[in-house]
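Line by line, the protein sequences are chains A and B.
Start counting the first sequence at 1; every next residue gets the next number (the numbering used here).
Start counting the second sequence at 426; every next residue gets the next number (the numbering used here).
Treat the hints with caution; some may be incorrect.
[Unchecked claim] To be clear about the criterion: a stretch of chain A counts as covered by chain B if any three or more of its residues have a C-beta under 8 Å from a C-beta of chain B, and this derived list gives those stretches:
| # | segment |
| --- | --- |
| 1 | 12-18 |
| 2 | 39-47 |
| 3 | 69-80 |
| 4 | 84-91 |
| 5 | 258-269 |
[Claimed, not checked] Distance ranges between label pairs, derived from CB positions:
| # | chain 1 | residue 1 | chain 2 | residue 2 | range |
| --- | --- | --- | --- | --- | --- |
| 6 | B | Val431 | A | Leu31 | 22 to 28 Å |
| 7 | B | Arg573 | A | Val10 | 24 to 30 Å |
| 8 | B | Leu433 | A | Ser51 | 26 to 32 Å |
| 9 | A | Lys217 | B | Ile510 | 53 to 59 Å |
| 10 | A | Phe253 | B | Arg573 | 43 to 49 Å |
| 11 | A | Arg257 | B | Arg573 | 26 to 32 Å |
| 12 | A | Ser35 | B | Arg573 | 40 to 46 Å |
| 13 | A | Leu423 | B | Ile544 | 40 to 46 Å |
| 14 | B | Val443 | A | Phe254 | 17 to 23 Å |
| 15 | A | Arg193 | B | Leu433 | 55 to 61 Å |
| 16 | B | Val443 | A | Phe294 | 37 to 43 Å |
To be clear, the hints were calculated from the coordinates, so they are not data collected in a lab.
Glycine is no exception: its CB is placed at the ideal position from the N, C-alpha and C atoms.
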Amino acid sequence: MTLLSLTFLVLMLLGLPIAFAIGIAGFTFFLTNGSIPVSIGVQQVATASQSFPLLAVPFFILAGHMMNHSGITTRLVKCSNTLVSWMAGGLAQVCIVLSTLMGGVSGAAVADAAMEARILGPDLIARGYSRGFTSSVIAVGSLITATIPPSLGLILYGFVGGVSIGRLFLAGVIPGLLMMALLMTTVWIISRRRNYRSETAERPTARAVFRAVAEAKWALVFPLALLIAIRGGLFTPSEVGAFAVVYAALVGFFAHRELTWQGLSQALGEAVADTGMIMLIILFSGMVGYAIIFEQAPQTIAAALTTLTSQPLAVVGLILLFIFIAGLFVESTVLVLLLTPIFLPIVRPLGVNDVHFGILMMTIVTLGSMTPPVGVCMYTVCSLLKCPVEEYIVESIPFVAAVLVLVAVLALWPGLVLFLPDLLM
Amino acid sequence: MLNTLVRLEAAVGKVLLVIIVILVFAAGLLRWFDHPLIWSVDLAQLLFLWVSFIGANQALRSRAHIGMDLLVRPLPLGLRRSIEIVLALLTLAFLLTMAFEGYKLTMLNLARVYGDSGISYAYVTGAVPIGCLLLAITLCGHIVNLIRHWREERRLVFSDPIRGEVEDVL
Numbered sequence: 001m002t003l004l005s006l007t008f009l010v011l012m013l014l015g016l017p018i019a020f021a022i023g024i025a026g027f028t029f030f031l032t033n034g035s036i037p038v039s040i041g042v043q044q045v046a047t048a049s050q051s052f053p054l055l056a057v058p059f060f061i062l063a064g065h066m067m068n069h070s071g072i073t074t075r076l077v078k079c080s081n082t083l084v085s086w087m088a089g090g091l092a093q094v095c096i097v098l099s100t101l102m103g104g105v106s107g108a109a110v111a112d113a114a115m116e117a118r119i120l121g122p123d124l125i126a127r128g129y130s131r132g133f134t135s136s137v138i139a140v141g142s143l144i145t146a147t148i149p150p151s152l153g154l155i156l157y158g159f160v161g162g163v164s165i166g167r168l169f170l171a172g173v174i175p176g177l178l179m180m181a182l183l184m185t186t187v188w189i190i191s192r193r194r195n196y197r198s199e200t201a202e203r204p205t206a207r208a209v210f211r212a213v214a215e216a217k218w219a220l221v222f223p224l225a226l227l228i229a230i231r232g233g234l235f236t237p238s239e240v241g242a243f244a245v246v247y248a249a250l251v252g253f254f255a256h257r258e259l260t261w262q263g264l265s266q267a268l269g270e271a272v273a274d275t276g277m278i279m280l281i282i283l284f285s286g287m288v289g290y291a292i293i294f295e296q297a298p299q300t301i302a303a304a305l306t307t308l309t310s311q312p313l314a315v316v317g318l319i320l321l322f323i324f325i326a327g328l329f330v331e332s333t334v335l336v337l338l339l340t341p342i343f344l345p346i347v348r349p350l351g352v353n354d355v356h357f358g359i360l361m362m363t364i365v366t367l368g369s370m371t372p373p374v375g376v377c378m379y380t381v382c383s384l385l386k387c388p389v390e391e392y393i394v395e396s397i398p399f400v401a402a403v404l405v406l407v408a409v410l411a412l413w414p415g416l417v418l419f420l421p422d423l424l425m
Numbered sequence: 426m427l428n429t430l431v432r433l434e435a436a437v438g439k440v441l442l443v444i445i446v447i448l449v450f451a452a453g454l455l456r457w458f459d460h461p462l463i464w465s466v467d468l469a470q471l472l473f474l475w476v477s478f479i480g481a482n483q484a485l486r487s488r489a490h491i492g493m494d495l496l497v498r499p500l501p502l503g504l505r506r507s508i509e510i511v512l513a514l515l516t517l518a519f520l521l522t523m524a525f526e527g528y529k530l531t532m533l534n535l536a537r538v539y540g541d542s543g544i545s546y547a548y549v550t551g552a553v554p555i556g557c558l559l560l561a562i563t564l565c566g567h568i569v570n571l572i573r574h575w576r577e578e579r580r581l582v583f584s585d586p587i588r589g590e591v592e593d594v595l
């Protein structure tokens, strides 16, 4: 296990793509362990993909790409513009609301952040919002997208930990909406102080709101349909993912008449490459997963933890702190794949609900991609908007702090997370 | 020739993804009407493994795999290139070993039947050696290209310093 961790760390720090670093590290375990044949390692790679829930990953990635080609994204932008651009920090509020609305159709934070940085970012900067502020709003705001169902992170957590993905999805709704409210408040306070003025001082008329919502109805109805389909237990998350793809195609071809064959082909191509990138990490981490269980890593770490404290809340707090620090340096998919099988068996016997823990863990892990020194979301937005990372770091502090406050609140009141799944499933 | 192969690979990936969507969509719909299609999910999972490797290979070709370049980014180009070549050779050895071991395993799995579908499990296991071989070929191409254009371009093996790492991720 020491050799494995060391190999992984060294290769990753030298800049080898994470998928290969994890593959080679896992492979060392099978090479040096005399009793297990190397072919078991290959077997682990093949079986890592043979899980039905995992099929939801390519489906929701593809659905997300198709939304962009079928006019759903542009309608959501218009809708959020009408709804909130009159508030203090108008355009920044639009970014937050857009992340929330996109959350209902898209499952990945990076995709949402990149889209907003391209479509809204330049506008904000042109209207006098500082680059650091704009980048922070877009990058940290995309965390809402990752929390509101469908969520790729929650699918992965459910897949690795054997937790109901339907319940996880339902559990993500309230935290996602709370996060929206909290980030909007943060934007409001900062904008008032800096005098970032609103676009249109007038509130929108009821008619304008109605028209904007009606325009975006196909996109707005989708998350509700998704939750109802999963909630009723009629369909599994993977089937719902396939439905989402068909739905996006139907809306794009027939309702909006914006999806072309060329656009469809492009969306398919992008989805295949994105799927390959995520799946290669998942496939190769199959070998590490085997090593973790074989070496009884959870038991060892649990024993070490319990010498510190056996208070459930303190244990969860320590684990979340560890995940937060690890998340500063390691990519989020990898953290979920490697840490879920270690930490879930530790917190379960303490009476911590696995759905509750999943939401806390996912929020912290995904927040890691918005914080320096290593954060895919942060780098994506900063490079698209040409924002110096130092500026981003300073301006993102209030937003990251707001999210951490929310995580603390959610940790102390599990009811906020578990209310919807307990009520509906 | 090479271009045709790359285009063929892209087309195969897209078609397979469409088939997977249709298989799972149809299974969900038919189950709703009480006609479960058991084999369709098995087939979808099998094809998914192949799509994953095809997509991974495309991502490698466009140097899009996520890495952490925090420590190596400030290094001078020559040193960074040397590190990347050593890493690439190590990865190449890993991929070829996986391909070889995977081939042996696939031969052992020929008789094993996969799920309820009646398909040989070798079609599942076989994706690993073939996928790793594809990745190894693409990686070889990157290494050869780097050495051939050593002077005129600022190329690397795994990442693209000109476009910047981040846009690659997209």
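A quick look at each hint next to the structure:
no.	hint	result
1	12-18	holds (count 7)
2	39-47	holds (count 6)
3	69-80	violated (count 0)
4	84-91	violated (count 0)
5	258-269	holds (count 3)
6	B:Val431 to A:Leu31: 22 to 28 Å	violated (33 Å)
7	B:Arg573 to A:Val10: 24 to 30 Å	holds (29 Å)
8	B:Leu433 to A:Ser51: 26 to 32 Å	holds (29 Å)
9	A:Lys217 to B:Ile510: 53 to 59 Å	holds (55 Å)
10	A:Phe253 to B:Arg573: 43 to 49 Å	holds (45 Å)
11	A:Arg257 to B:Arg573: 26 to 32 Å	violated (48 Å)
12	A:Ser35 to B:Arg573: 40 to 46 Å	holds (45 Å)
13	A:Leu423 to B:Ile544: 40 to 46 Å	holds (42 Å)
14	B:Val443 to A:Phe254: 17 to 23 Å	holds (18 Å)
15	A:Arg193 to B:Leu433: 55 to 61 Å	holds (58 Å)
16	B:Val443 to A:Phe294: 37 to 43 Å	holds (39 Å)
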